[in-house]
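Residue-level listing of the chains:
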Amino acid sequence: EDQVTQSPEALRLQEGESSSLNCSYTVSGLRGLFWYRQDPGKGPEFLFTLYSAGEEKEKERLKATLTKKESFLHITAPKPEDSATYLCALANSGGYQKVTFGTGTKLQVIP
Amino acid sequence: EPEVTQTPSHQVTQMGQEVILRCVPISNHLYFYWYRQILGQKVEFLVSFYNNEISEKSEIFDDQFSVERPDGSNFTLKIRSTKLEDSAMYFCASGGGSNQPQHFGDGTRLSIL
Chain D
1 EDQVTQSPEA LRLQEGESSS LNCSYTVSGL RGLFWYRQDP GKGPEFLFTL YSAGEEKEKE
61 RLKATLTKKE SFLHITAPKP EDSATYLCAL ANSGGYQKVT FGTGTKLQVI P
Chain X
112 EPEVTQTPSH QVTQMGQEVI LRCVPISNHL YFYWYRQILG QKVEFLVSFY NNEISEKSEI
172 FDDQFSVERP DGSNFTLKIR STKLEDSAMY FCASGGGSNQ PQHFGDGTRL SIL
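Protein sequence lines correspond, in order, to chains D and X. Under this note's numbering, the first residue of the first sequence is numbered 1, with each subsequent residue one higher. Under this note's numbering, the first residue of the second sequence is numbered 112, with each subsequent residue one higher.
Isolated chain D (complex conformation):
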């Protein structure tokens, strides 16, 4: 069974204090690993897709990386508007459509 585990559950950073969020996963075959941002009362907002180990994607202050067992979301010099829950999710290569989500990391950036 596909599993996604995210850590930490919550993270509090000072504005400008860089850090990383972890997503460890088990899957029989990876079709894609996704990062989403979710604001309170909203749906997940797509950030990145990673397809294979060694791949990296960047967007503004965010950078996502992938190994065969983990993905990291690095946040460089975060701002208060980066405060949100960050969700990691994966899709299995076995022809399945569903995406399996982790429980998320709730990030708070303090001015």
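Derived from the structure by calculation, the hints contain no laboratory data. Cβ coordinates follow ideal geometry from the N, Cα and C atoms, glycine included. Where hints are given, some of them may not hold.
What the hints assert, rightly or not - With a straight-line Cα cutoff of 30 Å, these simulated DSBU-like cross-link-like pairs (lysine-lysine) come out:
no.: 1; chain 1: D; residue 1: K42; chain 2: X; residue 2: K189
no.: 2; chain 1: D; residue 1: K106; chain 2: D; residue 2: K57
no.: 3; chain 1: D; residue 1: K69; chain 2: X; residue 2: K189
no.: 4; chain 1: X; residue 1: K168; chain 2: D; residue 2: K106
no.: 5; chain 1: D; residue 1: K63; chain 2: D; residue 2: K106
no.: 6; chain 1: D; residue 1: K69; chain 2: D; residue 2: K59
no.: 7; chain 1: D; residue 1: K57; chain 2: X; residue 2: K194
no.: 8; chain 1: D; residue 1: K106; chain 2: D; residue 2: K42
no.: 9; chain 1: X; residue 1: K168; chain 2: D; residue 2: K42
no.: 10; chain 1: X; residue 1: K153; chain 2: D; residue 2: K42
no.: 11; chain 1: D; residue 1: K79; chain 2: D; residue 2: K57
no.: 12; chain 1: D; residue 1: K106; chain 2: D; residue 2: K79
no.: 13; chain 1: D; residue 1: K106; chain 2: D; residue 2: K69
no.: 14; chain 1: D; residue 1: K68; chain 2: X; residue 2: K189
no.: 15; chain 1: X; residue 1: K194; chain 2: D; residue 2: K42
no.: 16; chain 1: D; residue 1: K79; chain 2: D; residue 2: K59
no.: 17; chain 1: X; residue 1: K153; chain 2: D; residue 2: K69
no.: 18; chain 1: X; residue 1: K189; chain 2: X; residue 2: K168
no.: 19; chain 1: D; residue 1: K59; chain 2: D; residue 2: K42
no.: 20; chain 1: D; residue 1: K57; chain 2: D; residue 2: K68
no.: 21; chain 1: D; residue 1: K42; chain 2: D; residue 2: K79
no.: 22; chain 1: D; residue 1: K59; chain 2: X; residue 2: K153
no.: 23; chain 1: D; residue 1: K106; chain 2: X; residue 2: K153
no.: 24; chain 1: D; residue 1: K79; chain 2: X; residue 2: K194
no.: 25; chain 1: X; residue 1: K153; chain 2: D; residue 2: K63
no.: 26; chain 1: D; residue 1: K57; chain 2: D; residue 2: K42
no.: 27; chain 1: X; residue 1: K153; chain 2: X; residue 2: K194
no.: 28; chain 1: D; residue 1: K59; chain 2: D; residue 2: K106
no.: 29; chain 1: D; residue 1: K68; chain 2: X; residue 2: K168
no.: 30; chain 1: D; residue 1: K69; chain 2: D; residue 2: K79
no.: 31; chain 1: D; residue 1: K79; chain 2: D; residue 2: K63
Unchecked claim - With the Cβ distance kept under 7 Å, some of the chain D side facing chain X (calculated, not the full set):
no.: 32; residue: F34
no.: 33; residue: R37
no.: 34; residue: G43
no.: 35; residue: P44
no.: 36; residue: F46
no.: 37; residue: H74
no.: 38; residue: Q97
no.: 39; residue: K98
no.: 40; residue: F101
Keeping the supplied structure of chain D fixed, place chain X upon it in accordance with the hints.
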């Protein structure tokens, strides 16, 4: 930027009643999905829909649930004989291809009384 829209944003229903949640996916997308998120828990897959039929469903998606694409723009989730434990946020998502990321709407908060 194109987006997935869902209505209503909040639905309150008596236990045992039927509800229909509505979604307008991104216009050129071909794959459609429903997920739910119980308060404080993770987002869970319910069903995927492609080429006018269900392509995959989870164990949550039992006979109480059904989906339909009644026309070229809408995608609906029907829940018959609602139960208290059906209370959750229900998210619709759409994707341009099986390997493309899924884009989510802002959800319908379903409250069963």
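Status of the hints after comparison with the structure:
no.: 1; hint: K42/D with K189/X; in the structure: 21 Å, holds
no.: 2; hint: K106/D with K57/D; in the structure: 21 Å, holds
no.: 3; hint: K69/D with K189/X; in the structure: 38 Å, violated
no.: 4; hint: K168/X with K106/D; in the structure: 29 Å, holds
no.: 5; hint: K63/D with K106/D; in the structure: 17 Å, holds
no.: 6; hint: K69/D with K59/D; in the structure: 22 Å, holds
no.: 7; hint: K57/D with K194/X; in the structure: 42 Å, violated
no.: 8; hint: K106/D with K42/D; in the structure: 14 Å, holds
no.: 9; hint: K168/X with K42/D; in the structure: 24 Å, holds
no.: 10; hint: K153/X with K42/D; in the structure: 14 Å, holds
no.: 11; hint: K79/D with K57/D; in the structure: 20 Å, holds
no.: 12; hint: K106/D with K79/D; in the structure: 14 Å, holds
no.: 13; hint: K106/D with K69/D; in the structure: 22 Å, holds
no.: 14; hint: K68/D with K189/X; in the structure: 39 Å, violated
no.: 15; hint: K194/X with K42/D; in the structure: 24 Å, holds
no.: 16; hint: K79/D with K59/D; in the structure: 14 Å, holds
no.: 17; hint: K153/X with K69/D; in the structure: 20 Å, holds
no.: 18; hint: K189/X with K168/X; in the structure: 14 Å, holds
no.: 19; hint: K59/D with K42/D; in the structure: 21 Å, holds
no.: 20; hint: K57/D with K68/D; in the structure: 16 Å, holds
no.: 21; hint: K42/D with K79/D; in the structure: 20 Å, holds
no.: 22; hint: K59/D with K153/X; in the structure: 25 Å, holds
no.: 23; hint: K106/D with K153/X; in the structure: 12 Å, holds
no.: 24; hint: K79/D with K194/X; in the structure: 42 Å, violated
no.: 25; hint: K153/X with K63/D; in the structure: 23 Å, holds
no.: 26; hint: K57/D with K42/D; in the structure: 24 Å, holds
no.: 27; hint: K153/X with K194/X; in the structure: 20 Å, holds
no.: 28; hint: K59/D with K106/D; in the structure: 19 Å, holds
no.: 29; hint: K68/D with K168/X; in the structure: 27 Å, holds
no.: 30; hint: K69/D with K79/D; in the structure: 29 Å, holds
no.: 31; hint: K79/D with K63/D; in the structure: 15 Å, holds
no.: 32; hint: F34; in the structure: 6 Å, holds
no.: 33; hint: R37; in the structure: 11 Å, violated
no.: 34; hint: G43; in the structure: 4 Å, holds
no.: 35; hint: P44; in the structure: 5 Å, holds
no.: 36; hint: F46; in the structure: 5 Å, holds
no.: 37; hint: H74; in the structure: 20 Å, violated
no.: 38; hint: Q97; in the structure: 4 Å, holds
no.: 39; hint: K98; in the structure: 4 Å, holds
no.: 40; hint: F101; in the structure: 4 Å, holds
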